[in-house]
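Here is what each chain is made of, one letter per residue.
Protein chains: 2
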Amino acid sequence: MTNIPQFQDVESAYNRIHQYIHFTPVLSSSAINQIAGCEIFFKCENFQKVGAFKFRGACNAVFSLTDQQASKGVGTHSSGNHAAALALAAQIRAIDAYIVMPENAPEIKKMAVKGYGGKITFCKPTLQAREDTLDAILKSTGAIMVHPYNQNEVIAGQGTCALELLQQCDCLDAIVAPVGGGGLLSGTSMTAKYLNPEIEVIAAEPEGADDAFRSFQKGERIPVTSTNTIADGLLTSLGELTWTIIRKNVDRIYTCTDPDIIEAMWLIWERMKIVVEPSAAVALAIILKHKNVFKGKRVGVILTGGNVDLGKLPF
Amino acid sequence: MTNIPQFQDVESAYNRIHQYIHFTPVLSSSAINQIAGCEIFFKCENFQKVGAFKFRGACNAVFSLTDQQASKGVGTHSSGNHAAALALAAQIRAIDAYIVMPENAPEIKKMAVKGYGGKITFCKPTLQAREDTLDAILKSTGAIMVHPYNQNEVIAGQGTCALELLQQCDCLDAIVAPVGGGGLLSGTSMTAKYLNPEIEVIAAEPEGADDAFRSFQKGERIPVTSTNTIADGLLTSLGELTWTIIRKNVDRIYTCTDPDIIEAMWLIWERMKIVVEPSAAVALAIILKHKNVFKGKRVGVILTGGNVDLGKLPF
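Chains A and B, in that order, are what the protein sequence lines are.
With the first letter of the first sequence counted as 1, position 259 gets the number 259 in UniProt numbering; the numbers rise by one all the way through.
With the first letter of the second sequence counted as 1, position 30 gets the number 30 in UniProt numbering; the numbers rise by one all the way through.
Hints in this document: simulated from the structure, not taken from any laboratory.
Possibly wrong hints are sitting among the right ones.
The list makes no distinction among identical chains, and a pair is therefore deemed to hold if it is satisfied within one copy or across any two copies.
Quick list of in silico lysine-lysine cross-link-like pairs, DSS-like style, CA-CA up to 30 Å [stated by the list, open to error]:
1) K297 x K114
2) K312 x K110
3) K291 x K110
4) K139 x K124
5) K72 x K119
6) K295 x K218
7) K124 x K110
8) K297 x K248
9) K295 x K114
10) K114 x K291
11) K110 x K289
12) K124 x K114
13) K289 x K114
For clarity, every value in this text was computed on a predicted model and none was experimentally measured.
Can you build the whole structure from these sequences, using the hints too?
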């Protein structure tokens with residue numbers, strides 16, 4: 001990999017996107033601190049635009065394009081937060097966003113993308129169908145692909161979240177972020193280690209989609225072949241680029257079960273009075289499962305998003 | 001009524017309690033503003049200690065006592081947020097809190113009071129039993145009664161919420177607060193009208209407990225005899241003291257149905273990613289029901305609390 005994003009790319013991203021993103025608050029809960037036995041600083045990306053950190057990366061990718069590149073629009077395939085994020089970023093830049101979604105995507109996600117003016121094309125719910133459909137659209141429109149995680153501009157954009165968090169809370173001993181495709185984790189780890197080489201960067205992953213954990217153990221990238229977890233934002237496997245950054249900058253990866261995730265999610269809703277999605281609760285879940293590791297420390301946690309179907313809650 | 005709380009009492013209350021309470025944030029949602037057709041500033045008392053504005057009034061009452069008065073403790077009967085609020089305020093002052101609760105109170109409320117060190121006495125679930133039980137305890141202990149709403153110190157304490165809101169947002173055209181016993185509404189209306197006589201103060205009440213609406217229409221206080229609403233924080237009727245303040249300072253009262261409340265609650269959870277209880281959603285519900293009244297205005301809304309049983313949500 002010749003071209004890996006650096007901290008300077010995160011700074012450039014922040015200068016590029018700060019006028020479009022929310023500077024999200026950091027919240028704490030004395031009740032949760034007491035239960036966890038450490039001091040936790042929750043970076044609330046559930047309050048970010050489109051309800052997830054994904055807007056940072058999508059926004060950086062869209063605003064990194066030259067006017068000429070941008071003029072043909074952007075495209076991606078996604079059934080999740082990245083789709084809405086890219087649609088909104090494109091809407092702000094007043095260009096087209098072509099979003100390929102599996103026909104069985106949740107109605108609520110389709111509505112979100114439509115609401116931001118995204119042009120949706122539905123396809124069969126297979127990776128092959130998604131990639132083929134998107135390829136055809138990119139060819140016919142000249143739109144530029146924005147990958148949900150395995151792309152420099154996206155990683156640098158996600159890194160701005162840790163940049164803010166470390167401004168908001170100095171002297172963190174550790175920072176915990178969930179990992180799916182690794183866009184957030186790679187951006188977070190690279191940013192955090194640059195600003196404070198002493199900080200521990202710890203990844204949180206559901207057992208039902210633990211490719212990062214297994215890749216880390218083996219020392220080589222092992223994509224998941226099947227997944228089974230309530231954390232629907234963490235189903236994808238690491239990309240080549242995110243893996244390269246993560247293996248260099250992440251200290252440890254812990255996993256947890258779905259019941260752990262649901263318990264942590266309940267705790268955040270009940271004690272902090274905020275809505276977070278299952279994927280966002282994975283970080284607290286691993287802290288509660290490994291209290292000895294975090295005991296007495298100051299721990300930053302990225303609450304990645306708050307997009308849940310309120311009609312289908314796990315409690 | 002010879003002794004009605006004045007704005008100066010709210011200022012004194014604020015000086016007395018500000019070190020114990022959270023200075024809660026004001027949040028806005030462009031999505032909700034678009035739906036409502038006005039600009040809404042939500043004062044987030046769901047983030048207040050014990051999860052509700054009630055902590056302000058209880059805290060002011062407890063810290064208004066002389067050391068000698070306080071030494072015997074405080075007492076109240078309540079099955080709701082006031083019980084937890086009084087228990088915590090007493091715990092901070094290191095005095096006893098005697099809480100009379102109906103034996104059928106929700107387990108989650110009992111746990112909260114116990115968690116703050118409150119001494120609970122259970123009684124039959126009737127007003128008579130609650131009052132008799134509390135009277136006996138006050139007599140035997142010498143503890144001082146803190147009323148949930150019909151008491152100067154409590155009203156002045158609740159007024160500090162509007163005091164903060166009007167510091168945080170200038171040029172509000174209107175302020176909307178829900179009404180049950182009227183502690184919050186009386187404190188809010190008196191404070192808001194003192195600071196800005198031009199501001200409209202509007203009350204929001206569930207149809208199933210609409211004594212304030214009917215009292216306002218008739219020009220005299222008409223307590224409710226039976227109630228039926230999901231907004232379990234708004235079941236009580238106005239007191240003599242709160243009614244005296246409200247009839248002088250409140251411009252209008254609107255009512256709404258339980259489906260209106262649930263719709264507004266859903267909207268707040270989904271779009272703002274915060275947890276509010278049904279009683280807190282009543283203010284947004286009446287705004288959405290009377291869009292013409294609020295069109296284009298800057299409206300402050302007090303989100304009163306966030307204590308819901310997550311296992312028993314209405315959606």
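Looking at the structure, which of the earlier hints fail to hold? none
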